[in-house]
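Q: Spelled out from the first residue to the last, the chains are:
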Amino acid sequence: MNRGWYWRLGTVLFVIVAAFVVLWPSIPKLSTPWVRAHIPFRLNEGLDIRGGARLSYDVQIGQAIADRRARSMEDFRGQLASDFGIHHGEGRLTPDEITRLAERVTVSAGSTNREFTARLRNAADVARVTDRMITSRGLRRLGTSGTTITLGLDPREVTALEDSAVQQAIQTITNRIDELAVKETSITARGETIVVEVPGQDQAYFQQIRDIIRRTARLEFKILDDESPALGAIIDGQAIPGVTAPEGAPAPTAHPLPAGITRESEPAKAGPGRNVMSTYLRSTGPNARQQLQEYLDSIRAFIPEGRQVLIGKADRAEGAAATAEVWRTYTVYSVAQVDGSMIDDARVSVDPQENRPFVSLNFNRRGAEVFARVTEENIQKRFAIVLDDRVNSAPVIQQRIGGGSARITLGGDSDYRLVLREANDLVVVLRAGALPAPLSEGKQDYVGPTLGNDTIRHARNAMMVGIALVLLFMAIYYGWAGWIANGAVLVNLALQLATMVLFGATITLPGLAGLALTVGMSVDNNVLINERIREELRAGKTLRAAVDAGYNHAFSAIFDGHVTTLISGVVLLQYGTGPVKGFAVTLLIGVIANLFTGVFATRVVFDWLVRGLKVKSLLGAK
Amino acid sequence: MEFNRSHRVYDFMAIRKYWIAFSITLTIVSIILLFKPGPKYGIDFLGGTELTVQFDGNVDAGRVRAVLDRMGHENSEVVPTQRPNEFIIRVEKSSPITAARREQIRHAVADRLPTTTGGGTLGDFRLSPGGDHLVVQLNDSTLTAQQVAELVRGAGANVRGDAALQMGALDDHRWQVPLVGIGDEIFRGLVASDGVGAEGHLNASVWVSPKAGAELRYAALRAVLYSIVFIMIYVAFRFDLRFAPGGILALVHDSVVTLGFFVVTRKEVTISTVAAILTVVGYSMNDTIIVYDRIRENLAKKRNSRMLDIINLSVSEMLSRTILTSLTVVLSVSAFAFIGTGVIRDFAWAMIVGVLAGTYSSIYVAAPFTEWIDSRFFHDASAAPAAPTTTPDATASGA
Chain A
1 MNRGWYWRLG TVLFVIVAAF VVLWPSIPKL STPWVRAHIP FRLNEGLDIR
51 GGARLSYDVQ IGQAIADRRA RSMEDFRGQL ASDFGIHHGE GRLTPDEITR
101 LAERVTVSAG STNREFTARL RNAADVARVT DRMITSRGLR RLGTSGTTIT
151 LGLDPREVTA LEDSAVQQAI QTITNRIDEL AVKETSITAR GETIVVEVPG
201 QDQAYFQQIR DIIRRTARLE FKILDDESPA LGAIIDGQAI PGVTAPEGAP
251 APTAHPLPAG ITRESEPAKA GPGRNVMSTY LRSTGPNARQ QLQEYLDSIR
301 AFIPEGRQVL IGKADRAEGA AATAEVWRTY TVYSVAQVDG SMIDDARVSV
351 DPQENRPFVS LNFNRRGAEV FARVTEENIQ KRFAIVLDDR VNSAPVIQQR
401 IGGGSARITL GGDSDYRLVL REANDLVVVL RAGALPAPLS EGKQDYVGPT
451 LGNDTIRHAR NAMMVGIALV LLFMAIYYGW AGWIANGAVL VNLALQLATM
501 VLFGATITLP GLAGLALTVG MSVDNNVLIN ERIREELRAG KTLRAAVDAG
551 YNHAFSAIFD GHVTTLISGV VLLQYGTGPV KGFAVTLLIG VIANLFTGVF
601 ATRVVFDWLV RGLKVKSLLG AK
Chain B
1 MEFNRSHRVY DFMAIRKYWI AFSITLTIVS IILLFKPGPK YGIDFLGGTE
51 LTVQFDGNVD AGRVRAVLDR MGHENSEVVP TQRPNEFIIR VEKSSPITAA
101 RREQIRHAVA DRLPTTTGGG TLGDFRLSPG GDHLVVQLND STLTAQQVAE
151 LVRGAGANVR GDAALQMGAL DDHRWQVPLV GIGDEIFRGL VASDGVGAEG
201 HLNASVWVSP KAGAELRYAA LRAVLYSIVF IMIYVAFRFD LRFAPGGILA
251 LVHDSVVTLG FFVVTRKEVT ISTVAAILTV VGYSMNDTII VYDRIRENLA
301 KKRNSRMLDI INLSVSEMLS RTILTSLTVV LSVSAFAFIG TGVIRDFAWA
351 MIVGVLAGTY SSIYVAAPFT EWIDSRFFHD ASAAPAAPTT TPDATASGA
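Protein chains in written order, with this note's numbering: chain A, 1 to 622; chain B, 1 to 399.
No wet-lab data here; the hints were simulated from the structure. All residues carry an ideal CB built from backbone N, CA and C; glycine is no exception. You may find that some hints are simply not true.
As the list claims (entries may be wrong) - Pulled from the structure, derived: some chain B residues nowhere near chain A, Cβ distances all over 12 Å:
hint, residue
1, 165
2, 289
3, 294
To be verified - Output of the computed footprint for chain A on chain B, the stretches with three or more beta carbons under 8 Å from beta carbons of chain A:
hint, segment
4, 60–72
5, 127–138
6, 304–315
7, 339–345
8, 367–376
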């Protein structure tokens, strides 16, 4: 036997041993507590065989409607700005245009989540808000009194939103779980409640699923208004300089800061050569975030038109306790210049200098164009990267950014593994898209298997019988060569199971039937090869030459057959969702395992027989 | 042991007309069946009703299943929860309410509101698709959960329990009102039955949406179509253009016939069926490729033979392999078809039918179609430069 053969034998043995080690802890009869404690791999059984966790979420449809109203308000502002000759073209309003528009009109939320009001400063402008303009924006006029127009969302649109919000949320959750793993998960709706069932017992995995589902993942880029004196004026109860209060607006009253929140100022850039002192609030203490948010909610009505005060995590002061959180505010223009729909891809990268993981974003073509334009218009200003209404970071725009990418830094000062996990989770949700409405998380329950013990036992027996029938048949038909094929089939089975364990895929009952089927199909390679060897023997070749020729000639058919399967597997993986994707993974694993055991491994045995042992008769022919 | 020990060449193609006619009929009938009466979709695709039942005594999931089977709810799921003797039961039935009835209730609710103190005005009024609950929005109302339930019951709806469920923000005034439906009927049947033998409590009965909506069917179909395109390109590249359409036709034939089988036998189409069809597509393609491979080899060897003879020779040479492989595949799943239950049994049947169709179609769909394309389109094109695997003597092959 030559050296190449020993190498091949070594590879085959290594793979067999590796597969056994992976499967070892999952075989109760062979494994010991020591094995189970030291080998982390486990066979995951599906909901139908083992059961799992049952998580429920309520889709906050009211919030989805309020979000739609917020978008309609922005849209309506844009329309008015065009009608008033303040804004031209397609793009979103610039900070300057927002300020100029605020001198003509105030658009603010109404009494229900589907209404808003437009308070015009000039009576002459009332006539410019025509019914045609309102209906073309998908809105309804609910009333006009003096210069105040009350508008509402089209009821049909609200209904459509209610109908689609749950479906869209299910789709988004499906995408997110697909990004995460190939576990069989059931996602169904009961009215406005979404129930996600995840197989297994792994608490850490359930927690990860929950973290990923919960995030709304709405990503927005907003320009900071560092020149706004609004915050200071609101706290002191003064009129905001440069802003004429709209008619009917509440008179300014002082809003003293509660203990724990302090008024701060920082030097900031507000354009080329413009250095200003920007006012912000800083909150420390045990409930820093909640306290700050509550204070902001109480002054919301006084925030000037087109602005928003958002919160974000701030750096801790020197010497502060490591557990204390510090939050601060950012005053931004409420128009989202760039949003999540303009993201093409998100990836985890590691900053080589600081050795910290971060998330890098690539914009799609439209996003890159918008981002380049916005950064060009706002040089030397800060822009906030806002994720789920929290400011992630607010860097200064140094120059026009054309390349179409941005980064999100994470996790303050927690350790590397936590930051990496957070980055991975964020990538999953950004890729899968934002939820149409926030979810409120319900209870986590545990459920047993959906199928009865009898059904599972029958299926296991059927699998054994099916495999035994195939093995027996091959042994009868091919004699010793049949046993070589049978050995390959068994190794193939172990290999596929081991790969599924490594991928974290779930074994379901139909999956067991699929495995039995794989056994039947994987025999095909050996049938092709053995039949070919017989043909070559009939043509008068020696056994050794016939084995060589059999493998060589059968290979083209095997190769083409497997490549076509590979193609459909890759396509199913790319375009399929949920169970279709899981199927594709099994298919791809099967292709590789088949080629390895059916062609590579059996050849090692055949070569040993005809070259090493110099057997003269195989396959019932001489 | 050996099949086709005599190694003779059978004239498969002589009787191809009958088999082609058979295949065309089978495919057309299957396609018609897919539209009318159409496949019987299961809970995976249509949704159903989910009951949460708490029994008072010790009850075993198997017994509940047996009783449900007897009541005609086959393929229902009985899932134990973490609380003792509590089960989640999923059945395929739902309790639809007609649009006219819904409007009747809506008007009755709207009519009663002005006379109800603190009733507010009616905003949204929605009925869930499964008829298990109503959602009413009562703007500016000050009613309690009990009063809302009473209001809707007074409007003629069959309300279950005595309280509605508040949804979303408090100032949104949205209420979910559970209705009596198929779940209650099933529950009464369960507790009345000797098989279960315990009293119990129906904690919830709600309609569940399908696990796999139109989205999954669409994704599966789209993925299959895309893979067909890529496989066609591959076959055209590795073999030659003549071979690609036959393979695709065989694949369509096999999946349509398998689905047709499901319609005829009234077997339920579930997510597992989608997996089975995808497997059939893979098997069909693989089997066709293997026959094609031999045709390609023989075409190169015997340049002066007619295409028909080459097909006969190739199929005959591969006959023992074809029988052997389809036999082992059928053997491997046959146990599931006879021992297995429910979803598994249906999956096994789909595979058996699909594998038999896949084997047959390589010989009588893919090969004759390739021959037809060869004689129809490539016969005249003999002047054009031939592809590497094409016989350069294309005129002779058609003569």
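Q: Output the numbers, in ascending order, of every earlier hint that fails for this structure.
A: When the structure is compared with the hints, numbers 1, 2, 3, 6 and 8 turn out to be violated.
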